[in-house]
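**Student:** Residue numbers (the working numbering), protein chains in the order written: chain A, 119 to 218; chain B, 119 to 218.
It should be emphasised that the hints constitute simulated quantities derived from the structure, not laboratory data.
Just so we're clear, the structure is a prediction, and the values are computed from it rather than from any experiment.
Be careful, since some hints might not be right.
If several chains are the same, the list does not tell them apart, and a pair holds so long as it fits within one copy or across any two.
[Unchecked claim] Cross-link-like lysine-lysine pairs, in silico, DSBU-like; alpha carbons within 35 angstroms at most:
1. K147 to K185
2. K147 to K182
3. K135 to K182
4. K134 to K182
5. K206 to K185
Protein chains: 2
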Amino acid sequence: MSPFSPYYAVIFTSLKKEKTEEYERMAEKMGELAKQQVGFIEMESARQEIGITISYWDSLDAIKRWKQNAEHLLAQELGRTQWYEHYKVRICLVEREYEY
Amino acid sequence: MSPFSPYYAVIFTSLKKEKTEEYERMAEKMGELAKQQVGFIEMESARQEIGITISYWDSLDAIKRWKQNAEHLLAQELGRTQWYEHYKVRICLVEREYEY
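Go ahead and model the full structure; you've got the sequences and the hints to work with.
**Tutor:** Next comes the structure, spelled out in structure tokens:
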């Protein structure tokens, strides 16, 4: 087993106003765009009553760059003004992991 | 605004074999039981293709105690042997957060 290197998780939880096609398109586009960023590791997502999207990154700098990405800034703005009732972002250091 | 105190997140992602009533009952019971533990803050959950459950705790000790809880140990065993195709657990330090 290779030694574990800490990395970062961005937990994004959200409550949407209503489902719109425009939102779906944008969410998909942002997922694709995130994957192309330097420092991106992976992304996991599920939505029922609330939506949870977790993206994993190799550094805080990578997260900062993604937050400031021009297309992502536009999506964030649309999120605040149109799509989300509420959202919360948590920046986390992944200290340990195990799987089965 | 009160100053931010770091806390912990346990990200549990899972792929289930199939939906069973027994699983649903146990998941609900574990949610209720987690809420009663010392150090528990909150829990968020959503499932589509994958399930994501995040529980938030005020310390690593609280997480360790919950992992060793007798009823929870039984649920973990049933999870491995019966319900999950795969799962991954990540223990994270929440360093920063913001919301809208």
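**Student:** Does each hint fit the structure? Answer for all of them.
**Tutor:** These are the hints, each one checked on the structure:
1. K147 to K185: This pair counts as within: shortest intra-copy Cα distance 15 angstroms, inter-copy 38 angstroms.
2. K147 to K182: within (19 angstroms within a copy, 39 angstroms between copies)
3. K135 to K182: Within. Shortest intra-copy distance 27 angstroms satisfies the 35 angstroms Cα cut-off; inter-copy 37 angstroms does not.
4. K134 to K182: This pair counts as both: shortest intra-copy Cα distance 24 angstroms, inter-copy 34 angstroms.
5. K206 to K185: Classified as both: same-chain Cα gap 14 angstroms, cross-chain 26 angstroms, threshold 35 angstroms.
When the structure is compared with the earlier hints, no violation turns up for any of them.
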